[in-house]
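**Q** Listed here are the chains, written in short residue letters.
There are 4 protein chains.
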Amino acid sequence: MKALVYEEYTTDDDFSRILKIREIAEPKPKSNEVVLQVKAAALNYDDIWGMRGKPLQVPLPHISGTDAAGEVVAIGDDVKNIKIGDRVVSHGNLTCRTCKACNEGREYDCPQRLVWGFQTGPLWGGYCEFTHLPEVNTVKIPPSISYEEAAAASMTMMTSWHILVGRAKIRPGQTVLVMGGSSGMGVFGIQIAKLFGCDVITTASSQKLERCVEIGADFAVDHRKEDWHKEVYKISKNLAKEKGKPPGIDVIYEHIGGTHWKKELTLLKYGGTLVTTGATTGYDVMTDLRHIFFKGANILGATQGTRAELEQGLYWMSQNKIKAIIDSEYTFENAVEAHMKMLKGKGMFGKIIMKPD
Amino acid sequence: MKALVYEEYTTDDDFSRILKIREIAEPKPKSNEVVLQVKAAALNYDDIWGMRGKPLQVPLPHISGTDAAGEVVAIGDDVKNIKIGDRVVSHGNLTCRTCKACNEGREYDCPQRLVWGFQTGPLWGGYCEFTHLPEVNTVKIPPSISYEEAAAASMTMMTSWHILVGRAKIRPGQTVLVMGGSSGMGVFGIQIAKLFGCDVITTASSQKLERCVEIGADFAVDHRKEDWHKEVYKISKNLAKEKGKPPGIDVIYEHIGGTHWKKELTLLKYGGTLVTTGATTGYDVMTDLRHIFFKGANILGATQGTRAELEQGLYWMSQNKIKAIIDSEYTFENAVEAHMKMLKGKGMFGKIIMKPD
Amino acid sequence: MKALVYEEYTTDDDFSRILKIREIAEPKPKSNEVVLQVKAAALNYDDIWGMRGKPLQVPLPHISGTDAAGEVVAIGDDVKNIKIGDRVVSHGNLTCRTCKACNEGREYDCPQRLVWGFQTGPLWGGYCEFTHLPEVNTVKIPPSISYEEAAAASMTMMTSWHILVGRAKIRPGQTVLVMGGSSGMGVFGIQIAKLFGCDVITTASSQKLERCVEIGADFAVDHRKEDWHKEVYKISKNLAKEKGKPPGIDVIYEHIGGTHWKKELTLLKYGGTLVTTGATTGYDVMTDLRHIFFKGANILGATQGTRAELEQGLYWMSQNKIKAIIDSEYTFENAVEAHMKMLKGKGMFGKIIMKPD
Amino acid sequence: MKALVYEEYTTDDDFSRILKIREIAEPKPKSNEVVLQVKAAALNYDDIWGMRGKPLQVPLPHISGTDAAGEVVAIGDDVKNIKIGDRVVSHGNLTCRTCKACNEGREYDCPQRLVWGFQTGPLWGGYCEFTHLPEVNTVKIPPSISYEEAAAASMTMMTSWHILVGRAKIRPGQTVLVMGGSSGMGVFGIQIAKLFGCDVITTASSQKLERCVEIGADFAVDHRKEDWHKEVYKISKNLAKEKGKPPGIDVIYEHIGGTHWKKELTLLKYGGTLVTTGATTGYDVMTDLRHIFFKGANILGATQGTRAELEQGLYWMSQNKIKAIIDSEYTFENAVEAHMKMLKGKGMFGKIIMKPD
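Protein chains in written order, with my numbering: chain A, 1 to 357; chain B, 1 to 357; chain C, 1 to 357; chain D, 1 to 357.
You can take every hint at face value.
It does not matter which identical chain is used: a pair holds within one copy or between any two.
Here are the simulated DSSO-like pairs of lysine-lysine, each with C-alpha atoms no more than 30 Å apart in a straight line:
no. : residue 1 : residue 2
1   : K295      : K80
2   : K321      : K169
3   : K321      : K100
4   : K80       : K243
5   : K321      : K237
6   : K295      : K54
7   : K39       : K28
I should point out that these hints are in silico values taken from the structure, not numbers from a laboratory.
Could you put the whole structure together from the sequences, leaning on the hints where they help?
**A** Dropping the structure here:
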């Protein structure tokens, strides 16, 4: 079968030098696994980290791809709830399912956690014609959702659900700030917060603000402006006056870090919550602790989510309340181009889809 | 290998007629399973239900035994954390590990839940020389705990932990009433409530009251007296006066049902909690709903618990803060006698252990 | 000022014999109180219990009225957030604000809790031209809500919010069964469950089913039919098939008791929740405990709610997502007629309003 | 009556210049207040901030004193549960008791929150012969606790209880790190974590380590050493090996800030919690966000606590499970000396008590 493979890292982002289509053997399922014929996969930023070999050296030869959707073509002897012909999407959070965290419903805290298609291998990820996964790492796709949509949703929707519902426990009437609302994560953050009856303010670069509003944000602010946070606060004050609730933000969905961090903290209400799940503009941030302790704030970390959270998100996609946003589609032949688009981010809105052909 | 087998039910409790030692094939592990040489198992009341074929018809030929402890002698290819030679005890709650409830840390709510050694078979339970279980259904035994103690603890300690810690969320300083404190469940209930810094009142028949106090109860009341509940309330009132807290019970650990139910409800404080996990004296109870809604009470059901809860209980056994109470030990040869003792309950205190020889 | 007063009880429901309009002195505010000119009050069933002197003997002479809305005309020296001219509605749950329950945000569990206009007096309730309340027992009415709507909402909306949000913690996608959906309580139960994104099944008598659907219920079932619960289960099964979720009910809003209780319990999913807050058809119910413990169910009692919950409900009324349903309006002159209508219940839908003139 | 008063600020810490004993009028209770004859008060660091006029300018003329214990000598008309002759201690967190946060049991999030004896005045604090407080801001002292102990406990014990129990929700068996274990806060942190069955590691300067162990810490580490955090981690690893639990810290009680912050974050387990409540060595800290999001950590802010939390702490003092640690006692005459001792901190262990004479 065809697979998108690299056998060495490249630190200069010249992906065309390493990323090749290879012919490899088709997988057979272990007793607890299913094999699916991949119909659509979705790009994630960890594809780039993998090819760079930084911040961690992924197993070589490597197949990337954490989000894959397809049709089941084989199952192992102990598979219970999936059968051949089922349409499934990957739940890319591989965990032991045995430790205390897993057994308490916190698989994201499993010390043996691995991101499939990133930390796994050699040759184990979604960018190939057929791939295999433990049954528990696949979820059935409701009939009204396409393979492309399922792949575009899996990791980012689950993570957004985990952040807002699992961690921040958003409730109707809260004011939620979604940083980076045009990103793969942000588009789900906006929609989930609206589903829960929140007032949603988001940030993006100026040319993407309008689309953020189209997918549901009540307000969108240009986060490249120096005083973006003052604009956000002013909106929250108007909301406060109009709706009779206090100004400030109840919940911040944060994955940007860098220089935005410190300003975000000033926006939180007493008892407010910020969930951080990444730091695309820098890990090392300055914090004035008084913003945390004086206000009784909650700063919560999050990585990925649970299978149950993925299922809940898919349920609401099937009810047409959440939509996957697809930026564009590529095939293995033009994989380099796809990854370059994600790397540059220019004009991108939503997820990039990759198909075998 | 030797196994304790029955091939038909008996409604007259003449267990000697059906319960036989048979020679059967030794099990081999599936890929996710371990095989253990059983060193000690413990009796549970569902052994009796199984032999009666009521309230459900267990698979035949049948091997009972939900609590088994032993040494691992073989493991399947996909076993990750257990190795040959490990000392393990069964976690008898077989669940799918895939559904929403399982993935949210509520394996006790799994619709596919099966009690191992009761609902499983044919020929799959703990009363044999070698048995097999999924890795996730075994837990390592800390070095200071014997096989007998581990078997005596598994199901009842986990259930008690789930009831008091998982469901009732007991906190230091609360007044806890453990019904039936001399039972296999009750002895753990008393000790767990003391571990958490609660004042513990328990009930038992008159000749077992003293032993309940020996294992930690602060007060023990004869629940065969008509006015047992008035005595409990009086104790709570004295506690209230002495310690400056309100009279009444914060948490009731209930597994008796029948005529005791209605009196128990009168004892709860405003906002108090009763957890029910069985009904040895009758399922159908009369309830005056005013005791529930006027007081804002919480009546919570519970069955079994999670692997993580079993591990927490074993941890505290290893720290000598919880002890398994062993009533007596039997071998396969006198299994009928063992089960008759449990059935009659006379003079029994703690768990009955069963060993191959 | 005019007030609606009775000086003795009547066990024959001949309210015309005892209920009189009297001239009494206008109240002055204590230091922590406000005085309001009553513009609209709402009837509650405890008005009837009061006149009957059963199940408790209310203070005499008595003024009923637990829900009153009006304009503030005087304030005490220590009042902080309310000023003369403010439009306010009563929060009829008088509590000590000092005990552990009150300080933990559970004022409904306060042992000194009194229902204003029912347990209070002599001569302290809402059916008069001017009444007084502690500041903390009044809440400002958002501008878009009328006095009539505020009075019609206060106690029943708060209680419904407490039951579904505070106690059952409803979440989007759950299937909620609201018993008695045409009652003062039920109409809010339906709307709150819809606000939270739930699928709502309700029950009512046949002629009121349509109106229940008009205010938001997805399905309405005649609860006078012997097999009403089978119909509910069938709906849940269809929902399950259509939406890909398990059949059964996640949350039951129960205030009927009697013969419905036992059937309701059969409808709960594993881990499901029933909240009980009254028992209009009988307090003493039979329960098969297996439905509670085997399914890990939660049976929660509730009475009234918190000031914060009332404010949240009013917020959503101001956002037009919840509407008070007013059955009819009366004045002191025809108070007997109003109470007879409530007593008989025939054709009633929503709350009955009482005005001074 | 005598009171300790200052009428201007002093930025040079020359307290003797401003702090004087004055004769002022005795207070009378408002309707909801009690007046107490102060028997003992306790120093807090905000006394110093007050005299400096930084970071906020307290009302002048000023009486400091947030923790005061005494005998009730007068009560207002609406006082319900306190009577003349009662022994009470201040709950120094003055809040509105009316807002959403207060009504939800989160008085520490009240936007109108004021620290009594710091933000209040003119002339309203604990360092005088008689002072007045709302009833709800006093708590009865159990008989076995002295006035000195009650004053030494009030604010710091409540805050520690709030941090560990209310916010971090510590559970038996967790590994808890209490930073600054010899401080007024830390001594309670150690004891509360032990009461809850945790393994406790604390930090202090070298000469105070032994006393930290005397009051209950299992391990004490010199936090002035560059590699203090490596020593803490090593202890957690030994604990892990000995007790069969994972290495690392479950809960960090943090009130130091500065350069310790970054090292503390490296110690947290997956899903671990750090509660911050102050920053005696500096507010502005560098954070590597990966320690938060990759581990799913919880960084929670806290200030003060609730009246209910103070009562719970006093309960455990009355049961002899928590002890107030008194460093020394002073009278108004040598108040300057007392404050200088606190400012320098040298050799101090526990709280400094101030008495009228």
